[in-house]
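Student: All chains, please: the whole structure from these sequences, using the hints.
These protein sequences, in sequence, are chains A and B.
Take the first sequence: its position 17, counted from the start at 1, is 17 in the working numbering, and no numbers get skipped.
Take the second sequence: its position 71, counted from the start at 1, is 71 in the working numbering, and no numbers get skipped.
Since the hints were derived computationally from the structure, they do not count as laboratory data.
Note that the coordinates shown come from a computational prediction; the quantities given were computed from them, not determined experimentally.
One should not assume that every hint holds.
Said to hold, decoys possible - Simulated restraints, written as ranges between beta carbons of each label pair:
(1) 50(A) / 139(B): 23 to 29 Å
(2) 108(B) / 142(A): 27 to 33 Å
(3) 7(A) / 8(B): 28 to 34 Å
(4) 78(B) / 111(A): 41 to 47 Å
What the hints assert, rightly or not - Covered by chain A, according to a simulated footprint, are these stretches of chain B (three or more residues, beta-carbon under 8 Å):
(5) 1–9
(6) 45–56
(7) 63–71
(8) 102–112
(9) 123–132
Where a beta carbon is used, it is the ideal one built from N, C-alpha and C, also for glycine.
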Amino acid sequence: MAEPSAFDYTTAAVGSAWPALSLPPVTRLTLALYCGASGDHNPLHVDQDFAREAGLGDVIAHGMLVMGYMGRTVTRFVPQTALLAFNSRFQAMTRVGDQITCTGEVIAHETDVNGRPCLRLALRATDQKGEVKTQGEALIALPG
Amino acid sequence: MIDHRHIGYVSPAFTTQVERGRLKFFAKAIGETDPVYTDPGAARAAGHPDLPVPPTFFFCLEMDRPEPYGWFDDLGIELPKVLHGAQDFRYHRLAYAGDELTFDSRVTDIYDKKGGLLEFVVQDNRISNQRGELVAEFIRTLVIRHG
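Tutor: Have a look at this one:
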């Protein structure tokens, strides 16, 4: 997917769309790499036998992998120093073969507890069938 | 059912050093392409002293404890039943490769829904650096599935 050449979040109006981030399909290698790199060695994510025993049929992706993709959706346009808060609710399991796209929308301009001007970004990670896997929000400081 | 007397359970104090190699490996795992997160030169050019810890990696650092699931045993939580329900970060300052981060982790709530079919455990984490400055906080909500 072509990278948007520029997106200036500091001038994004409420209601404007955030540039989407499309990811390649999740593979078992994706899960193995995330298992090792994240330090989250829960076998549910890499051991098919364990996942079957647990009643899930097959391994599932770490929710935090999807949240990591959502974080990239923010930080490719926002210096991380401006990211004040970031949350996710994991709503559906991500499985091998799922292709995640992260989208966002500016939903508010507000001030944080310190009176700094901020924008609130609603984020959503969906798969190729449109199933919402994860929803969340980021609070981003604006200059000035 | 998880005994509600575990509300207030405090995990052993834990300090870990942020390693450049782990940050690069993590960047690969999430497909990160921004060199600020993989190239110390690019990080310095962007005004950072070293590679920054990306937003979600604080959660991962907490799992570098010697027994990351030890508290599950103490609370009677069975690993195969656990799903991650929600995650909430608040950021105060950046952390970088080379920093020593200390995690203060405690269980702040235990509740259930659907007549006990789903149990929820909420754990708060406060992360401070080697200068004693608060770096970030996160709240992890786990869901334990019964049946």
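Student: Starting from the hint list further up, note which numbers the structure goes against and sort them upward.
Tutor: 3, 5, 8 and 9
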